[in-house]
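Chemist: Please construct the entire structure, taking both the sequences and the accompanying hints into account.
First residue of the sequence shown? That's 8 in the working numbering, and the numbers climb one at a time after it.
Keep in mind that the hints were calculated from the coordinates and are not lab data. This structure is a prediction, so every number in the text was calculated from the model and none was measured. Hints are not guaranteed to be accurate.
Quick list of simulated restraints, FRET-style, between CB atoms [as the list claims (entries may be wrong)]: (1) Asp25 - Pro82: 44 to 50 Å; (2) His295 - His186: 41 to 47 Å; (3) Arg131 - Ser152: 39 to 45 Å; (4) Gly27 - Asp287: 28 to 34 Å; (5) Arg276 - Glu185: 29 to 35 Å; (6) Arg57 - Glu228: 42 to 48 Å.
All residues carry an ideal CB built from backbone N, CA and C; glycine is no exception.
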Amino acid sequence: MIGSFRLAPRPDRRAIADPGFLGTRDRACLRILNRADVATTSQLVTLVYRRRQTAQEHLDALYRAGWIERAVLPPATRGGAPLAFRLSLRTRRRLGYLPLTRNRAGIALRHSLNIVETVVALVRIDPGLGNPDPVRAWLTERIASDAGLRGVYPDSVVALSLPTGSGVLCLEIDQATEHAPVIRDKLVRYAAALRERPSWSVLFVVESATRAAALARIGRELAGAASLAGRAGVLVLPDLAAGGAATIVLPMAPGGGRTTLAGFLRDPRTRTGDTPVGSDAWVEALAHGGFVDAMETLSS
8 MIGSFRLAPR PDRRAIADPG FLGTRDRACL RILNRADVAT TSQLVTLVYR RRQTAQEHLD
68 ALYRAGWIER AVLPPATRGG APLAFRLSLR TRRRLGYLPL TRNRAGIALR HSLNIVETVV
128 ALVRIDPGLG NPDPVRAWLT ERIASDAGLR GVYPDSVVAL SLPTGSGVLC LEIDQATEHA
188 PVIRDKLVRY AAALRERPSW SVLFVVESAT RAAALARIGR ELAGAASLAG RAGVLVLPDL
248 AAGGAATIVL PMAPGGGRTT LAGFLRDPRT RTGDTPVGSD AWVEALAHGG FVDAMETLSS
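Modeler: Structure representation (structure tokens):
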């Protein structure tokens, strides 16, 4: 079945059995797969391996050694079917990671992959803007509670910094399965949770312009979200992947206006951090214990 993970094979006796002997990028890859649950080859090229051939070789070796499992996804183009990867149960036990709490297939698998794809699209924003490494911090769904928000449960929290402005985005990855009452309730709860955080916003990410227009209409009609004017928006994921900072963001609160992603980031300050997502320093930090102190970047 498409989207069903194939269990890792029995490890070759000659394969590396101790994670301490894995290379830096391979250890970072395992850490990312623990935090994000799943990722594709293309996503891991951006986040870890830099070159596609390198990623394919390393991921195949990790699979044959039993560290990861893989699933075949529906082909997006004629170039062939992409692969998604997750940690094997054997790896989770060996490294002391909690087991997965959800079955990653179908809609749940697409949701998890779209979370990572959104962050990857932000990481890929054109460095020609004069601001390399735009994603200065990333709390995945698994650790987003570290942000200390009450009553809301974002799919990720990212600190994004561009030459034109910065901000912290609470990402809500929409699969077009939630009806208007659920969306309204989320917005009301975000209005309360972000009241004391003026540089924080909520950004819904959808897969089609039709869905974006529907969510924008729901938000603009909700008086309870008025305090989110200019701080609640929706964009289309394929547009983000293609347009970067120029992607159109539709307002999801009364009083807000149509803008671009760059215009949506209203804090004039530049956010700093020693381990921007996707950088060599970030990979090193993940590989050597996984501790990345994002709270100063998020609170600045």
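Chemist: Within 42 to 48 Å or not, the Cβ separation of Arg57 and Glu228?
Modeler: 45 Å, holds
Chemist: I want to verify a distance hint. Is the separation of the beta carbons of His295 and His186 within 41 to 47 Å?
Modeler: Given a distance of about 45 Å, which is inside 41 to 47 Å, the answer is holds.
Chemist: Does the Cβ pair Arg131, Ser152 satisfy 39 to 45 Å?
Modeler: Given range 39 to 45 Å: violated, Cβ gap about 27 Å.
Chemist: Tell me if the beta carbons of Asp25 and Pro82 are separated by a distance inside 44 to 50 Å.
Modeler: About 36 Å separates the Cβ atoms of Asp25 and Pro82, which means 44 to 50 Å is violated.
Chemist: 28 to 34 Å was suggested as the range; check whether the CB atoms of Gly27 and Asp287 agree with it.
Modeler: At roughly 20 Å between Cβ atoms, Asp287 and Gly27 fall outside 28 to 34 Å, so the hint is violated.
Chemist: Taking 29 to 35 Å as the hint, is the beta-carbon distance of Arg276 and Glu185 inside that range?
Modeler: 34 Å, holds
Against the hints set out earlier in the document, violations occur for numbers 1, 3 and 4.
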